[in-house]
Amino acid sequence: MKIKRYCHGATPNLKQRFLFWSAFLLIGSGFIISILSFWNTRRLLMADAMTKSEVILREVEAIRSYVKEELRPKMYELQGGDTFVIEAMSTTYISTRIMKRFAESMPNYTYRRASLNPHNPDNMADPFEEEMLDWFEKDPNRLFWQGVIKKNGDSFFISIIPDYFEASCIRCHGKAEDAPKELTDRYGINGGFRFKAGDLAGINSVAIPVSDSLREAWQGSFVLFAVTLGGTLLLLWLLMLLFQRLVIERLGVMLSLVAQKGNESKTITGDELDVLQASLGSLRNYVRSARKGSSLEPNFIGNYIVNKPIAAGAMSWLYKGHTTDTGEMVSLKIGFDETMQNPLYRSCFESELHFFKTLSHPCLPKVKERVDDVLVLEEVCGRNLFHYLGNGGLENRFLLPVFAQLCDMIASFHAVGMVHHDLRPQVLILDTRQQLSLIDMGLASSDQHQDPITAAGLGPQGDLLYLAPEQIQGKRGDSRSDVYGIGLLLYLAVTGHFPFSDTRKSPRNWLRHKRQIESPRTYRPELPEALEQIMLQALSYDIDTRYQWVEDMWDELAALNKRAPEFFSMS
Amino acid sequence: MRLMIFSDIHGNLEALQSVFSDADKRNIHRSICLGDLVGYGPYPNECIELVKKRKNCRCLAGNHDVAALWETSPYGMSKSAQDAILWTMEQLSDTNKKYLQSLPDRIDLFNMTFVHANPYNPRGWRYITDRKYALRSFSATSCQYLFIGHSHKPLVITRKRFFSIDFQKVSGPQKITIKDQRRYIINCGSVGQPRDNNPDACYLVFDILSNRLEYYRVPYDSKKTAQAIRLFKLPPATGRRLLKGT
Numbered sequence: 001m002k003i004k005r006y007c008h009g010a011t012p013n014l015k016q017r018f019l020f021w022s023a024f025l026l027i028g029s030g031f032i033i034s035i036l037s038f039w040n041t042r043r044l045l046m047a048d049a050m051t052k053s054e055v056i057l058r059e060v061e062a063i064r065s066y067v068k069e070e071l072r073p074k075m076y077e078l079q080g081g082d083t084f085v086i087e088a089m090s091t092t093y094i095s096t097r098i099m100k101r102f103a104e105s106m107p108n109y110t111y112r113r114a115s116l117n118p119h120n121p122d123n124m125a126d127p128f129e130e131e132m133l134d135w136f137e138k139d140p141n142r143l144f145w146q147g148v149i150k151k152n153g154d155s156f157f158i159s160i161i162p163d164y165f166e167a168s169c170i171r172c173h174g175k176a177e178d179a180p181k182e183l184t185d186r187y188g189i190n191g192g193f194r195f196k197a198g199d200l201a202g203i204n205s206v207a208i209p210v211s212d213s214l215r216e217a218w219q220g221s222f223v224l225f226a227v228t229l230g231g232t233l234l235l236l237w238l239l240m241l242l243f244q245r246l247v248i249e250r251l252g253v254m255l256s257l258v259a260q261k262g263n264e265s266k267t268i269t270g271d272e273l274d275v276l277q278a279s280l281g282s283l284r285n286y287v288r289s290a291r292k293g294s295s296l297e298p299n300f301i302g303n304y305i306v307n308k309p310i311a312a313g314a315m316s317w318l319y320k321g322h323t324t325d326t327g328e329m330v331s332l333k334i335g336f337d338e339t340m341q342n343p344l345y346r347s348c349f350e351s352e353l354h355f356f357k358t359l360s361h362p363c364l365p366k367v368k369e370r371v372d373d374v375l376v377l378e379e380v381c382g383r384n385l386f387h388y389l390g391n392g393g394l395e396n397r398f399l400l401p402v403f404a405q406l407c408d409m410i411a412s413f414h415a416v417g418m419v420h421h422d423l424r425p426q427v428l429i430l431d432t433r434q435q436l437s438l439i440d441m442g443l444a445s446s447d448q449h450q451d452p453i454t455a456a457g458l459g460p461q462g463d464l465l466y467l468a469p470e471q472i473q474g475k476r477g478d479s480r481s482d483v484y485g486i487g488l489l490l491y492l493a494v495t496g497h498f499p500f501s502d503t504r505k506s507p508r509n510w511l512r513h514k515r516q517i518e519s520p521r522t523y524r525p526e527l528p529e530a531l532e533q534i535m536l537q538a539l540s541y542d543i544d545t546r547y548q549w550v551e552d553m554w555d556e557l558a559a560l561n562k563r564a565p566e567f568f569s570m571s
Numbered sequence: 572m573r574l575m576i577f578s579d580i581h582g583n584l585e586a587l588q589s590v591f592s593d594a595d596k597r598n599i600h601r602s603i604c605l606g607d608l609v610g611y612g613p614y615p616n617e618c619i620e621l622v623k624k625r626k627n628c629r630c631l632a633g634n635h636d637v638a639a640l641w642e643t644s645p646y647g648m649s650k651s652a653q654d655a656i657l658w659t660m661e662q663l664s665d666t667n668k669k670y671l672q673s674l675p676d677r678i679d680l681f682n683m684t685f686v687h688a689n690p691y692n693p694r695g696w697r698y699i700t701d702r703k704y705a706l707r708s709f710s711a712t713s714c715q716y717l718f719i720g721h722s723h724k725p726l727v728i729t730r731k732r733f734f735s736i737d738f739q740k741v742s743g744p745q746k747i748t749i750k751d752q753r754r755y756i757i758n759c760g761s762v763g764q765p766r767d768n769n770p771d772a773c774y775l776v777f778d779i780l781s782n783r784l785e786y787y788r789v790p791y792d793s794k795k796t797a798q799a800i801r802l803f804k805l806p807p808a809t810g811r812r813l814l815k816g817t
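Residue numbers (the working numbering), protein chains in the order written: chain X, 1 to 571; chain R, 572 to 817.
There could be a bad hint or two in this list.
[Said to hold, decoys possible] Quick list of in silico lysine-lysine cross-link-like pairs, DSS-like style, CA-CA up to 30 angstroms: (1) R:Lys-746 to R:Lys-650; (2) X:Lys-366 to R:Lys-668; (3) X:Lys-366 to R:Lys-623; (4) R:Lys-624 to X:Lys-366; (5) X:Lys-52 to X:Lys-151; (6) X:Lys-562 to R:Lys-746; (7) X:Lys-368 to R:Lys-626; (8) X:Lys-368 to R:Lys-624; (9) R:Lys-794 to R:Lys-650; (10) R:Lys-626 to R:Lys-669; (11) R:Lys-669 to X:Lys-366.
By construction, these hints were calculated from the structure, which means they are not laboratory data. Note that this is a predicted model, so its numbers are computed, not measured.
For reference, chain R alone in the conformation it holds in the complex (with noise of 0.2 angstroms):
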């Protein structure tokens, strides 16, 4: 069983097709979003189409995607995020909204959970990037593997043991061999917004067979989605993290 996990598309069409071909050479079974569908990208009806389309694939509702139905205030978010999220809103057809709105909050599979954020309060979309939240997290959740995204940066935390916990950042295409029954949360990087100094489209593939984390990174056209945000007037700042990656 080959599963794939992405998250954070943020209507950023070209990375997330570039993605999906890349996918489909690595014997993907299924596949998991872990939200963010929308906010800061051109392309959010499109990209909701073809998350859709894509076979045996299940998404979870991220900040972004719940924002943009109203259903929490995009006014606590930064202004080129906010600024973004009330031009999705203007975007979304009828049928896309429900389909946002259908999203769940998590995911539970097995040993795996699968959330955006964190598991202890899903929509307060607290970022996990030290040990306070890891070890809240842990503490949430009795699964092994806690697959999260959120916040752009592909990351392995592992509790070694009860309060010992290991920070391993990905940088570029990796492959992680787990070899014991130590509890992880893994954030699968993002698709349309990475923000680890590499511009290019970051997913995860978990093989649960030979339990194996394969990262793979995918260049794109990001000049081309940099100039579809100046084009439709969406913040030119986003634009050009995407061209850095930052």
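Chain X on its own, in the form it takes in the complex (with noise of 0.2 angstroms):
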């Protein structure tokens, strides 16, 4: 027995994917410490704005507070009550006088004061503060408003409070005919009268423009992003080196020591760790069967000469062997160790053995006789199906003549109440005059035996690729799981792929995979459609829409071969 040589072939992509990983972390984590970086400094920036512009308009407030109680009163007591002064007793001339000398020191801080009906023109409203105005209007309990806006293409923090006219105020914004005369005279009749006390007089705002602060920020943030990804890909760059250095520079030695020549070979998709294990697992078997084979080669069971093992199956392995005396050849059929050891796995080795002498079939190599716990076969000659079905499937001409065969034997095998439960192309060897042998029975039931596989209550067996979605659920399945197996069987001979990725996986991940079974169009386009048919109804998920009948399956391949002679000739 050979390793089989998985690195033939498999995508070296551990590397890559190491890199594509890494980068997208490190990357990922540095846009986010960007992200979250300039969302920080925009914060306090806000927050900063809020408090400055709070403390101006409250200082304005105060202007207007002082005017209104100290000031106007003293001017009124001072100059009589006819008399009004604008530049000493107007809250709203005062207030904005002040703020704009203010404003010549300090640029970038604007105060409004602003109405819909201002005695000053210069006052009126504009449209924004006109919606701020109505909604300071639409609830009296609504006192401050923050926020930030964008004018002239520049970003404005404001803070805005609203001001409502006292009794006091009314002699000067009550009816025009009451105003003091200086009033009238400055600013006319058409503006900032007709209200009440407790109406809206209008809004006072500041502004503090954060543009360029915001600017900055974003600059910072930037900056930042860049660092990290400079930062990133030098740390990759180390990284790489290290991951070739101490991973991929070992694993590639250790890939060499399973890539010698061997007959069989397999090619696998998945990266180099993926190579690894499947490695690992023919490198198992081939102990176990070096193993068993050293102790039994050169050795003697019964009349027989043990040499060189064929294949294993699901409880023992094949030998080839020949008698001591007229040196004919022989197949040598004898448990694995642990299947000897174990009660349950010695009965199914036990079933297996006696189907093997109550079944007959072309297929089934004849049983000449048992040596205690060693069934001796027929030669069995040739190579097993997945040698063929790894170089890229069987030829179209043989498949029907194998095929036939294999249809054939299982339904024999269903007429007389047998399910073989575990099809593999391991198990099925070709000679070169494409006739079929089955070597291995080893998980098979009868409806007449008790099963011991299910007398115990175990779970799935056999290998999760080939078995039907009924078995990989759980239970044991009947006949329609082995018209399951002969559809995967079809499909790889057919198209030398397995129909969903053959990539090691949890049994509810086969499941899903078994699911979505892939057109075997995709792979030949030139398929007759009804031949695809055939293989996806045998592959169906659901076992009441699958073939109830190995013959079923077998009538529509045959009809297709009177309906396309020309595809079944093909070499």
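Assembling the complex is the task here: the two chains are given apart, and the hints tell you how they should meet.
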């Protein structure tokens, strides 16, 4: 037995995958850190602007309050009730003038007094201020608003408070005929009148520009991201050097150990670790084989000399052998050590021997005799079907001869109440005359005998890659599970590929993959549609929509041969 | 899938050969024999060999097979059957006795069940010919199609509603298409000793894909068999029954 040469055709992409995921994680982290940094800077800027604008606004309020409560009454007292000095008694005028002077030294801070009906036309509300006046007017409990607005392409942080008329304000803002003459002389009688105490007089706002600060925050974040990116690239380069030295090169050496020339080769998808895993699986089989072989070869079992092992089944090895007297070649079915030591598996092995002895079909090697626990069969020649399938599938002209034998054999099993449960290319040997031989029935069951696997309540037995969905779900399966096995073998034989990814998965993932069968025309677009339908129906996930009988599947294949003989005659 | 069902050969080699050669023309995939390979007839070993050799063929145990092995007493049978069984016991080879011993009483195949006489007491050998035993058989199984032999009379029993049973006698070759999901008890008749006043050998083909029962009647040289019965000193009344189909 040779170690399977898995690394042939494998994709060496572990380094690329490591690089991709490392880069993804590091660059992604840098991006997230930059975004968080910008967000934090903006938050601090806003908090600062909020404090500043509120201070200024409260200061203006204090001025207006001082004028209203102290300066104006004093002026009335000194000048008499009929006199109104705008420069010393109008809260709006005084506060506006003071803030205008303030703005001369601090041009970034803008104070506005806005109203829908002002004395001074300069204080007329713009569209944004009109909206804010409406907003405050809707609910008198609203006493403050802050936010960022865009004006002339710049961003401003604005704080706004509303101002309501008191009784002392109505002399100048009530009826125009009652207003001081100085006021009407300066501003006329068109605006600023017809109010009463409690009406919304206007809004006072302070705007602080934040565009430059936000731009600086963006730039800071970008610089941070750029630095992170640079650092990431440097780190990745160093990691790749280390990864190459510590992992890839050593892995390459290990893979080269199993990359020797062998007859059994297989192309598998996946990275180096997948290849190594598959190779180690093969190596384990090889070691078991070698251990068994070394203990048996050369050895004598009765009148027979044991030679090389041919293949491994579910419960046993098949060895080549020959008789000591005539040299006649035979095959010897010998149970695995672990099978013979485990009562449950031993009973499966006994069932297998019983099936070999009682069933008769041209594809089953005939039993010569039983020597203790060893079944002596007639010689089995050829190579297992996996060898042919691994080389791109069977030639079209061999499809029907091979599958006629297979379907006929499985139908004969089902006819006597036996189900194989474990149809795999590894247990089917094809010789140069296209004669098929089945060399293993270790997991088979019969409706006339108690099934040890069912009795023991064991879960799925066999290779999940080849098992029908219901078997993976833990059921024992019935004759329709064998139909699935034949469908899978037909797919492999026709396309040279599995209908789903063959990398090792959990049972749940296997079920998911077995639900999504790749169309065989993906690999061979020239396939007759009817042949594709036959394969898809045999591989149906739902056991009730699959072919219920092997004979039905074979009838359709035979009918297709009559309709499209040219396809099945191609080399 | 075309399934051939036949029963009650009773050592009648001429009838069995005629039935097999007729069935070979009808694209049969599998065959199931519902028992009674031996008894009455003069060729028990030859009939067993022929059934054993038939490809993809499975066989159940019938009351005469079991009696020939002394697993049940033949003395409860009619005088002619009893004499024939005692004669058959002496004729059977050891290999064929082992084969008869290995035969099961019942086979279940998806929605089909196969027994020789009835499913509720397979070795009680009660005939299902009336409503009471038909209902009891329906209760004892959950399958849609129950195939039986034993009575030597082809018959289709349909469970129309819970207690409503319909009996349909099948005379001569006939094709019956099953169009509903009702439950059926189907008697396939007898190859080697028909008792429905038709001496031709009877067998059934169930075409599962098209849900069709196909009853076939095959004429054979019954005189030759009757002659052999006399030659082997078996009860001559058995030979006369073969000629009339009673």
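Each hint tested on the structure:
1. Among the hinted pairs, Lys-746 of chain R with Lys-650 of chain R is inconsistent with the structure: their alpha-carbon atoms are about 37 angstroms apart, more than 30 angstroms.
2. Taking the CA atoms of Lys-366 of chain X and Lys-668 of chain R, the gap is about 24 angstroms. The hint holds against a cut of 30 angstroms.
3. The straight-line distance between the Cα atoms of Lys-366 of chain X and Lys-623 of chain R is roughly 18 angstroms, inside the 30 angstroms bound, and the hint therefore holds.
4. Restraint check for Lys-624 of chain R and Lys-366 of chain X: satisfied, since their Cα atoms lie roughly 17 angstroms apart, inside the 30 angstroms limit.
5. The hinted pair formed by Lys-52 of chain X and Lys-151 of chain X meets the criterion: a straight-line CA distance of about 20 angstroms does not exceed 30 angstroms.
6. A threshold of 30 angstroms between alpha carbons decides the hint, and for Lys-562 of chain X with Lys-746 of chain R the separation of about 28 angstroms falls inside it, so the pair holds.
7. Between Lys-368 of chain X and Lys-626 of chain R, the direct Cα distance comes to roughly 22 angstroms. Compliance with the 30 angstroms bound is thereby established for this hinted pair.
8. Between the alpha carbons of Lys-368 of chain X and Lys-624 of chain R the distance comes to roughly 21 angstroms, so the proposed pair stays at or under 30 angstroms and holds.
9. Pair hint Lys-794 of chain R plus Lys-650 of chain R holds up; C-alpha atoms about 22 angstroms apart against a cutoff of 30 angstroms.
10. At most 30 angstroms may separate the alpha-carbon atoms for a hinted pair to count; Lys-626 of chain R and Lys-669 of chain R meet this at roughly 19 angstroms.
11. Annotation: proposed proximity of Lys-669 of chain R to Lys-366 of chain X holds, straight-line Cα distance about 21 angstroms (limit 30 angstroms).
Hint compliance for this structure: hint 1 is the single one not met.
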